[in-house]
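Undergrad: For chain A, the structure is supplied; the task is to place chain B on it using the hints.
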Amino acid sequence: MSVPRFWREIPHKYRLLGSKCRSCGAVYHPRRPTCPRCGSRDMEEIVLSGRGRLLAYTVIRRPPSDLEEFRPYIVGLIELEEGVKVLGQIVDCGPEDLRPGLEVEATLRRIRAHGSSGVIEYGYKFRPALRWDKESSSQRPS
Amino acid sequence: MKVPPAIVGVGCTKVREHWGKSVLDLAVEACLKALEDAGNPDVDAIYLGNAASELMNEQGNLVALLADALAIEGIKVVEVRAGDASGSLALHQASIDVISGSSRTALACGVEKMTDVMIQEVERVGMLFEDARTTFHSGITIPGLCAILTKLYMERYGADYEDLVLFAVNDHRNAANNPYAQYPFSIDVKAVMSSPLVADPIRLFDTAGVGDGAAAVVLCGPNDAKRIADTPVAILASEVACSRMSLSEREDLLSIGSLRLAAKKALDKARLSLKDVDFFEVHNTTSVIGVLSLEEIGLAERGEGWKLVKEERIAVGADYPVNTMGGLKGRGHPWGATGLYQAVEAAWQLRGEAGKNQVDGAEVGLTHNMCGLGSISCVHILARWEVVA
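These protein sequence lines are chains A and B, in that order. Sequential numbering from 1 applies to the first sequence in our numbering. Sequential numbering from 143 applies to the second sequence in our numbering.
It is possible that part of the hints are untrue.
Just so you have them, the derived chain A footprint on chain B, three or more residues with Cβ under 8 Å [unchecked claim]:
1. 240-252
2. 279-290
3. 332-342
Because the hints were derived from the structure by calculation, they are not lab data. Note that beta-carbon positions come from the ideal geometry of N, C-alpha and C, so glycine has one too.
So that you can see chain B by itself, here it is in the shape it has in the complex:
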């Protein structure tokens, strides 16, 4: 984008089991923080990403409820629903809105309240993000699909499960310094391997936990960026791609076509190459998905992603810092909020506010959020405003 939209305010809740807070409470908290961070500008539109409030929280039409709770009346409100890619797609729609000139400012929020239901029900709702005719009939869960991919990956490329789960270890190391993370502590491979099996060979500490959270950003067009914020963050690209719904119908099960395509489109649109990107936030539902993401983005050849992880080249301070604030495993994965958490964390990095996990001189970051096993991918490229100004 020649004249990129800007992120001028960010906010989020901690990811955790928020027993005392509703889905609305969480969204309001994140939005108020983002609005205050932006100096409370007037908002012309709200885009809300959420995966399953009807199924888990007995509440629909969440975006109107949110606008009402924020005491904002008469503006455009849109809810975006695409499983665990809902958050990034809300951001995508909001950025198109402000760049088109339809709205001067927009609020993009993602929220998920998962602990209103039992874990078995969370597992059931997750299966709806894939072709439910297949998932319910076979009983395959999202971790189950990841388990099949893990076995195929290990067999084809000669990696051990202990090698793959180093991705989760990297997440936790970074989460330890993120006060908003669900699991802010380090773990080692031994801890993963001694946690209970969820779907062989996937173990509990290799899966994103169940948690509640909301994250939000305030967007505006390029002309207002410096007026509203001292350190605006530019959205250089926001690209979406879909690919085959059923994993079993893909030509190669070990490829995430939607991610490869969205990442390429985004880099082309931003007129950047991978070497210009200083850090990456990827959608690691489990370690194998994280490793495959490295390969699809182009950081490693097919079958080589696990080596990048094993050689610790994805740590903060190494060649390709990945999931700098904890990723899905460490920070947590409240489905519809995850895409916005990534945007908030990328903004911290680009504003120099990432604390102990600050990537030195970070100017450009890439975030990837997807639905299920990759039916939809959304890639954003964010940059310090000075890079474009």
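The following block holds chain A by itself, in its conformation from the complex:
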């Protein structure tokens, strides 16, 4: 990926910047110029919470060339609190820890590197939501 493109896409990748329709309230990610639900062109930017629930997931065992270093990795379909569905990698756990409905939260991670001299991309991935556990007085995935 070129440096200008990476820089241009930082808002939606670092901060989960999406769009909200001023007319009907529908939320989208990444940003988009129009609302397919009501046809409005009046959109505002919205920073998404990054919190949501896992709907389904898969384990990618044959990744594209530039993600080979992460093989195998989990990709989930997540419905965020705002009602928008997004796809993202699930980290800090194994497939055995996952089930539909699991609460997840966004976390900033390394996405891919482009050779030894190219840009290193960062952006959101998801992990099981961290909860304060009174019993053990430690943080662990719920």
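TA: Here is chain B on its own, set in the frame of chain A:
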């Protein structure tokens, strides 16, 4: 269409790993076969469908290169690029051209040369057919998207993965009798289930392979059809529809809106109903997409498509013959060529040249080719010339 364009010549290469042939060699081979099949008429236009020659073969402007290699000069040449729907869209544009009278004859060709790059690179290029901002960031591949759909389908409709992959088994059974197929042999569910996982639960034998191939047809207007060919094939409808780009933005992930719309538009345009269609060629990137296609075309209610497959009602000789020459899984899926392979195979059926897989008395066939997970669908309805004449 009241006065349909006609297919008067067809040709294709075998789908396989053509190590010794370039993207141009393959296109030329298919085009020369189609032209010879049509009796070598003068060609007024060439429409070429190809998904990614710049990215995989280091060659752009392929259609001009093709015209030059065919020693055809001074005619209209147009390249169509729409991922793995490129082939059917080239056919769509060519049929509009001859029906408009702008060209008397046109050559429509689809080609893809995928083995010039490694499988990881094929996977990467495939991700460009979806919204790349999302696919690259999440790392979701095309089989990965199919995996999510498979899980959602199984959960919502109570099908087992073993039930779904019977779609791939049907493809292979038909491919066994197609000398141009990439995988001309039968497989069973056990073979699918013991093949490696690509994206859980999708297994290797549930995905269309990586292969090279080209297919081409010669088109002309209705007045020239019988002059050029003994058995012309009528294009009764050629319809295109787009739908939401990102799977995750669709109201219902388990619907392919573009296909539902294109199929309905095509049947309306042809003034036919589903019961008039004798066979179907659908775009089964994986089994779940094949099953969903049955539902979107209207052969089964939502959630019931897998039962049609399990009851073997999509076999040649059964109620709704599907992918009669092997489909994407059995014949192979060289992206930009697939839509034209479907047209060539449908023409074989309608000319009575489908050999052991001949659908008895086939008069009308429906083909469906799409891009990625359904951002674009193109549906053609083809018929024996006698049906319209």
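Undergrad: Cut-off 8 Å, C-beta pairs, minimum 3 residues; does the coverage of the region 332-342 of chain B by chain A stand?
TA: With 5 residues close enough to chain A, the hint holds.
Undergrad: Are at least 3 residues of the region 240-252 of chain B within less than 8 Å of chain A when you compare beta carbons?
TA: It is violated, with 0 qualifying residues against the three required.
Undergrad: If you count the residues of the region 279-290 of chain B with a beta-carbon closer than 8 Å to a beta-carbon of chain A, do you get 3 or more?
TA: holds (count 9)
Violated hint for the displayed structure: number 1, the only one.
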